[in-house]
Amino acid sequence: MELDFFLQQLITGLSNGMIIALIAIGYTMVYGIIELINFAHGDLFMLGSFLALTILGALGIDAWTGGSTWFGVLLLLFCSAVFCAGLNWTIERVAYRPLRASGKLSLLVSAIGASFILVNLGLFWGGLPMEVFAGGVAAAAPKDFPPLVPNTNLLGEDSLVQVTPKDLLVVGVTLPLMVGLTWIVTRTRLGKAMRATAQNPIAARLMGIDTDRVIGATFLLGGALGGFASVIYALYNNTISFQMGYRAGMDAFTAAVLGGIGSMPGAVAGALVIGLVRAMSDGYLETRWTNTIVFGILVLILIFRPSGLLGSRAKEKV
Amino acid sequence: MRPRMNPILIFFAVAAALPMFFGATGLFYDAFQSIFVFALVGLGLNIITGFTGMLNLGMAAFMAIGAYAFAILTCDIYPFQVGFWSGLLLSGFIGALAGFLIGAPTLGLSGDYLAIVTMGFGEITLDVLKNLEAITKGTQGINPLPRPTIGGWTIELQDERSWYYLLLLILGVAVLFVRRLERSRTGRAWLSIREDALASQCMGIPPKRTRMIAFATGSAVAAVGGALFAALLSSTGEPNSYDFQVSILVLCIIIVGGMGSVAGTLVGAAVMVGMNAIVLVKLADLFGSREQGASSNVLASPNNWKFLIFGLALILVVRVKPEGLVPPRLEGESGAQPPAPPKSQSGAAAQGAGA
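Protein sequences appear in the order of chains A and B. Residue 129 is where the first sequence starts when you use my numbering, and the numbers rise one by one after that. Residue 12 is where the second sequence starts when you use my numbering, and the numbers rise one by one after that.
These aren't lab readings, by the way, just hints derived from the structure by calculation. Values in this document were obtained by computation on a predicted structure and should not be read as measured data. Glycine residues also receive a C-beta, built at the ideal position from the N, C-alpha and C atoms.
Some residues of chain A that are not near chain B, with every Cβ distance over 10 Å (derived):
1. LEU135
2. GLN137
3. THR140
4. ALA191
5. SER196
6. GLU259
7. ASP272
8. PRO293
9. VAL313
10. ALA332
11. ILE337
12. GLY344
13. VAL405
Simulated crosslink set (SDA-like; lysine to any residue; CA at most 25 Å straight-line):
14. B/LYS148 - A/GLU414
15. B/LYS293 - B/LEU327
16. B/LYS219 - A/VAL427
17. B/LYS148 - B/LEU244
18. B/LYS332 - A/SER230
19. B/LYS141 - A/LEU428
20. B/LYS317 - A/ARG375
21. B/LYS332 - A/ARG228
22. B/LYS332 - A/TRP217
23. B/LYS317 - A/ALA269
24. B/LYS293 - A/ALA266
25. B/LYS293 - B/PHE33
26. B/LYS219 - A/ARG433
27. B/LYS317 - A/VAL222
28. B/LYS317 - A/PRO257
29. B/LYS148 - A/THR415
30. B/LYS317 - A/GLY263
31. B/LYS317 - B/ALA42
32. B/LYS141 - A/LEU413
33. B/LYS148 - A/TRP417
34. B/LYS293 - B/VAL282
35. B/LYS219 - A/ILE431
36. B/LYS317 - A/MET378
37. B/LYS317 - A/PRO270
38. B/LYS141 - A/SER369
39. B/LYS141 - A/VAL405
40. B/LYS317 - A/ALA268
The task is simple: from the sequences and hints, build the whole structure.
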């Protein structure tokens with residue numbers, strides 16, 4: 129019984145951690161390349177799930193109907209990823225690129241501004257007169273996301289530990305994405321250019337790298353991951369709200385910092401830690417203290433290991 | 012020194028004269044009381060982020076600490092009941108202590124890590140306030156709080172004009188204090204650390220202790236702001252009145268106004284809080300939809316456009332005037348000052364934070 133409960137929390141924690149990881153990678157990539165805490169990223173993620181819900185509403189899919197639903201899920205993943213990638217790229221183009229020369233704080237404020245705009249758009253979006261948004265009467269209310277992926281227990285009805293198709297969906301989507309991203313960053317020409325730009329933008333430019341394009345590509349990739357995350361988050365938790373970007377962004381950014389910001393394996397590790405700590409705290413302590421514990425651990429880790437779990441300890445150049 | 016004082020003097024002259032053009036009560040007073048309180052909190056953040064270059068994303072927590080310290084020390088359901096003025100002073104000290112306790116282990120962290128720690132501290136504070144209901148009264152907030160007395164004369168809650176001048180006076184004292192501080196040995200050390208910590212260390216300025224003093228001083232000023240925020244309402248309000256959005260509002264105040272500029276903080280508070288408390292409310296009146304908050308169409312209520320307008324304004328300000336509306340003058344420009352510490356990057360004084 130004790131062990132069952134522990135395993136259950138472990139599975140929940142890992143699944144949530146994987147979702148956080150996808151968002152955290154978006155933060156860490158952007159930070160690695162232009163040293164910006166991209167505040168809008170969490171809200172981008174929120175809009176991705178609103179798009180997914182809208183598509184479901186337009187298609188009239190609201191339950192699991194076998195094979196064709198797989199197609200529906202793939203369609204959602206594709207649409208949200210393309211949408212978030214495009215939106216992230218646009219935000220970079222409009223709100224960040226013109227400010228790149230004017231200092232980190234200006235960039236940060238611009239990101240906060242972009243975040244506010246996206247939150248507001250999410251509020252308006254929730255007011256669409258569609259059935260999935262409950263007719264759009266209460267725009268600010270959380271929206272139910274149809275349970276497309278069934279919640280049946282794969283280990284059998286009488287097993288105390290639950291592994292559901294939802295958990296498989298999370299792993300099945302996130303793992304290939306992470307492998308693919310690692311491949312892009314370490315093996316392709318674009319990845320090499322990204323690493324070079326992150327290391328030293330001026331030198332990269334001197335070597336003939338079009339850093340503007342590389343930065344744009346980074347936002348595209350990070351945004352796409354956020355889009356994927358938004359769909360699996362919605363399918364996993366079955367409720368979305370225009371305010372969820374803040375919480376998700378906070379968790380993901382904390383994960384990125386915890387793992388050592390700028391490092392992608394670090395972001396994944398940090399996200400898994402955050403997911404596990406959340407699940408264990410929810411299970412063994414009181415839910416209302418979970419945030420305190422997460423941030424308490426973050427503060428402690430930063431005090432004793434200031435560059436994160438997997439971050440490299442950079443000496444200041446004199 | 013002279014040209015530098017001007018924007019500040021204009022601010023206070025205008026603020027002192029304004030009530031003549033308005034009635035004895037109303038929207039105007041609510042808005043300006045918030046402007047003064049947030050200007051005070053902004054001054055605190057300006058010491059930490061503007062002068063010393065440490066990005067702090069948890070200013071609301073220090074406001075909350077000031078508000079709750081003030082409430083617990085003065086409210087008659089607790090044993091202390093020290094009275095308004097002692098409560099105000101003590102809440103400043105408690106704010107400084109909190110700043111010191113948070114700062115001591117974390118100020119060695121580099122810019123963005125410190126930012127995330129302060130953000131985390133803000134979340135922790137919020138959770139503690141919500142969860143320790145036995146002490147903080149949860150969402151009810153602690154009330155009622157005492158009214159200030161000056162020589163036997165008590166300022167009643169309804170007496171908005173007196174509150175207005177009281178806050179203006181306290182803000183004035185705070186501005187004088189911060190301006191003197193900026194020009195003191197400590198203040199110069201702050202600016203020097205912001206521009207180049209390594210070089211300052213070589214010149215004999217201990218970076219950690221200097222940062223700590225800035226952090227504690229800024230927290231104290233913000234805590235006094237928080238105490239006044241609570242005193243104005245005669246209640247701490249619910250813990251969510253001190254959430255992350257408040258921290259961001261304060262940050263936006265000093266960035267829009269001009270990092271490291273006292274005059275900028277005042278102008279920034281007037282613009283940001285004024286937009287929130289006057290323009291949006293007026294717009295809502297104009298559309299006549301304030302009463303029906305749950306109107307069937309989200310687009311109909313101007314209040315629902317708040318974040319869109321706020322966000323656009325932020326992006327526009329940093330795009331058009333990245334150094335802020337009232338940028339600080341570089342040291343030495345006024346002639347009376349010795350030359351600035353060398354080796355600042357081109358025009359970096361306006362945005363040297365976070366390095």
